[in-house]
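Generate coordinates for the entire structure from the input sequences, incorporating the hints supplied.
Heads up: the protein sequence lines correspond to chains A and B, in order. Residue numbers for the first sequence follow our numbering, beginning at 83 and rising by one. Residue numbers for the second sequence follow our numbering, beginning at -16 and rising by one.
Please keep in mind that the hints were generated in silico from the structure rather than gathered at the bench. The structure presented is a predicted model; accordingly, all values stated were derived computationally and were not measured. Where hints are given, some of them may not hold.
Claimed, not checked - Derived contacts from chain B toward chain A, CB cut-off under 8 Å, selection only:
(1) 123
(2) 168
(3) 180
(4) 230
Backbone N, C-alpha and C fix where the C-beta goes; we use that ideal spot for every residue, glycine too.
Now for the letters of each chain:
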Amino acid sequence: MSLRAMSPLRLRWLSVPACLLLAMPFLALLQQTPWRSFSIAPADLSSVRVSLGLGLAALLLIAALGTPLALWLARSRSRARGLVQTLVLASLLTPPLAMGILLVSAYGPYSTVGGPLAAAGYLISNNAGAFLLAQLYGGLAYFVLSARTAFEGVPRSAEEAAETMGATGWQVFRLVTLPLAARGVLAGLALAWVRVIGEFGIVMTFAYFPQGMPVQLYINLQNDGVDSVYSLVWLLLAASLPFPLWILARRRPDLPHG
Amino acid sequence: MKAHLTRRAVVAALLTAGALGPLAAYAAEPIHITYAGSMGVVMDKFLGPTFAAREQLEYQGQGQGAYGMARLLASKKIVADVFVSVNPGPMDILKQAGLVDTAVPVASTRMVIAYNPRSAYAEQLKSGTWWKVLQTPGLRFGRTDPAVDPQGQNIIFTLMLAEKYYQQPGLANAVLGPVENPQQVFGEGSLLTRLQAGQLDAASGYESATISAKLPYVTLPDQINLSNPSYAKEWYDTVSFAIRNRAGASETVRPQALVFYAAVLKNAQSPAAAQRFVDFLQSAEGQALFRQNGYGQPKGDALYR
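Shown next as structure tokens:
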């Protein structure tokens, strides 16, 4: 059965089960939220500040570190490419809880990396640095894979044309490659943002402090029960949804016609 | 074409059978036991399987921070047959929600100081005076969050009691620092991970969970280890501290003896099996399994009777 055989009407009906499935939790949220006693506590607000502030910093770091890697993966023909690709995928596939445990072993105060840093007076543990690192591991691989696909879609001929006109490597990237790949790269950022904000497994094991929204959700459940979770879920959605929505809404479907 | 369809139908039928087969194997309703997170090993590896084999039913164990679990049960977000709690606190939440009539003591434990055998301070902790060693600059001590975990509160009580018992004013503060000290406070799962991975030198622990984790530990006298209800009046009840709640207000918390309580939930799917499980925990066989895993005998009376 080819896609062409699917009339739009038929497709629409076939989409209903998935939509219902996706909507169900939010219908429950609407129904269960105690609207009369809806309250946002100071601890909730502070967790929003932590998540958004450090999340934004992590996103900038992800873009700065991930873009060169994504571009190289898209362009390189070297043998190392396959290896690096595997590494990125491995990072993506490692379950967050396992990643958190591995980070404890890699960056803890008695580890090869963490030891010298701790001796120099900076301990990567329960502080902004540890939190950033946890978020970085949560989002980097998602961004790299998404940006790589975007860079692969940029025709080499466009870049070569710019080069023959005397543009430097940086100019080619800034004026030709990046604008042509912008949609995919931004989608990668949106995906990384979603991962960074919602990250729980890595953060819970590796950076319990400062407490962002997911850890605060866990604490609210322990201390105040489910009702206090609902208000923070609203806050979490309100704070983190606009950015990916804005970016993904800008992506016009550019499917080939015919 | 027709042959294709038939083959597909056969494959689909086989796949369906494969997916449903394991479900059909358990005709009887499984028994769903919820318990305080620290009991994972004894529940899922010993008590649960033994009971399941004897009763010919499926055991499903679910562990989590005792307060969070109690709140999920109380709001009926999770439905289970039995709840096993450490301290009466989480059980009180279920009592208030009208979900339990009574809760019986099934085991007890005591606070210990667990340490990593490869730590540079391991030798000193083993043979020296623990409360002096814990004050060594550079020693990394870990504990859980007093805001969410009874154990996180218990280690603070233990150090406050040690301050009195050893007559060392300022001891608790010297070892622990502030209540929510980011240098020491970790998530429940993370604490054990860090200790086992050698990224912490020592940490607070329940004797039972520390034995399950195969870590060495320092035992503490009954006056400060919160295990003995007969010391409640004279010792345990003399300490308390304030903690901030979500709204930013201050709440006073007090110690409770470290007893594990089990209760059948009123909305249990299999109430008869649930009662048999609680009886099994109190039986000689159940108590032997508790003992093998480092738990002490049940202490004190049943709750709410």
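A quick look at each hint next to the structure:
no.	hint	verdict
1	123	holds (6 Å)
2	168	holds (7 Å)
3	180	holds (5 Å)
4	230	holds (5 Å)
Violation of the numbered hints given earlier is absent; every hint is satisfied by the structure.
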